[in-house]
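Undergrad: Those protein sequences? They're chains A and B, same order as listed.
So the first sequence is numbered by the numbering used here: it starts at 742 and just counts up by one.
So the second sequence is numbered by the numbering used here: it starts at 968 and just counts up by one.
Bear in mind the hints are in silico, worked out from the structure with no lab data behind them.
Source: prediction; values computed, not measured.
Ideal placement from N, C-alpha and C gives every residue a C-beta, glycine not left out.
All the pointers check out, no bait thrown in.
Lysine to any residue pairs mimicking SDA-like chemistry, simulated, CA-CA at most 20 Å apart:
(1) B:Lys983 x B:Val1000
(2) A:Lys905 x B:Ile1126
(3) A:Lys847 x B:Lys1107
(4) A:Lys848 x B:Asp1114
(5) B:Lys1128 x A:Asn868
(6) A:Lys888 x B:Met1195
(7) B:Lys1107 x B:Pro996
Coverage of chain B stretches by chain A, computed from C-beta distances (three or more under 8 Å per stretch; other residues unrestricted):
(8) 1119-1125
(9) 1188-1196
With beta-carbon atoms standing in for the labels, derived distance ranges:
(10) A:Ser789 x B:Arg1145: 37 to 43 Å
(11) B:Arg1011 x A:Lys913: 31 to 37 Å
(12) B:Lys1186 x A:Asn868: 29 to 35 Å
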Amino acid sequence: MSDKPVIDVKHLYKQFGEGCSYCRNKENKLAGNYCPVCSTVYACRDISFKVYPGEILGIVGESGSGKSSLMKCLYFDLPSSGGEVFLSAYEKGSINVLNESNQIKKKLRDYIFGMIYQNPYDGLRMNISSVGNIAEKCLAAGIMSIKDILSISEGLLKKVSIPKERMREIPKKFSGGMQQRVQIAKALSNNPPILLLDEPMIGCSVEFKDERGVLKYLTRKQAMLLK
Amino acid sequence: MHDKYNFAFFDEGSKKEIRRTILKAVAIPGYQVPFASREMPVARGWGTGGLQITLVCIGQDDILKVIDQGSDESVNAVSIKKFIKATTGIKETIDTEEATIIQSRHRIPEEKLREDQILVLQVPTPEPLRNFEPSEARTKELHANQDYTGAWLMLFEQIMKYGNISTGADHTVRVNDRYIAVPSPIPKFDNPKMDNSQCLILLGAGREKKIHAIPPYTKVKSIDFEDMPFKVEDFSDKVCHECGSSGVFMDEIINRDGSTIYKCNDTSFCLKQKERGRLNER
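All chains, please: the whole structure from these sequences, using the hints.
TA: Take a look at the structure:
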């Protein structure tokens, strides 16, 4: 195993609200995860971890404990309030990606991350065909050949058990479980070193062993954060 | 009418503002510059964007040509020409070579334009990503971040649906390797004319209140895929019924007896070729 973590998170924190003199003082107690004085919500406080290639990090917690907020901060859906994140695939892990420009962050999303949202509506464009959704990620990752895009899409859709005949249909017409599987295919299409999965099994039937098989196939090559 | 209005209809302040907008557009090729689009005596959707550009650029020595889908004679082209002439008194022409300002709806003339000419195009929707992203705030962000996946995605969906690139007109272009823009609903056939054009091309959208520009000698590339390159319509096997030209953009006309003939869409070009043909015969 390589000695460098694929993702190295240091003291990440995320707050919703300005904060005040009471809650900024770490000695003072919060009511749950919010400040009793100014109602600022501290979703993530002082999160640090490292994930190495091939590892799966599972994040568990109560509802409202900040798991999705953490995922969103890592995927740049939300601006972080502080901390540092280093990616070995970007500048050999020497630069804190949280401070990089929007254009760099976009490139990281396109080339280094794959994200599967809890709600397929967040991760898919419901009025674009399923193959189109996967194509979107391929195009963003610089794959500009129709043949290559189709070949990648067909391969991935087969892996997630979506029949080829349905690939031109829009996800709106699919069941929730199928929508989630299209999301999985989309997240894998750029072969990212890091996968972020926010409750990916939601809506998938118990018998769907293939999905777990897909995830197993991945862990050989990638690092995953799994909620 | 010339006496009742300021030269070219607008007050000088309006002219200055729109000219500043145009200068900014020329300085940033392909970027849509917002401007305070004025109320005009003609309604939105009838060429007010192009008209405003023409009015602020035109000078007393200019010679004006106005066409609508290739024709100098269509009702709208004539109305616009009459209005500009009435408020400026300048000379008008149908000859593309003679004109110094050409306002056009949805065509670029067949004759190659020169450095001393300005082409003004009328634009209905200036935002190429509008079908992909309805929010203006969001498309502004996409342009700023050069996040153009959506443009190619829409093309990809076309290919999935029809097996090929199927845009007839308004095929999205990339200007100066930076901004994605609309060329206005000109046919695909005319897109290559924008690339490295000698003349200045100004595009105005009155309703959407945006002006963008393609300065002379600017790279303009129609978007496509590595293995599905952009192709124009092929008229090499069609011959114009009136003047005998081939390889120019044609109108297809179906006669009452069911037979099909073709005619040059660019009417003044057709007349010229016809005249040349007549002279050669003598």
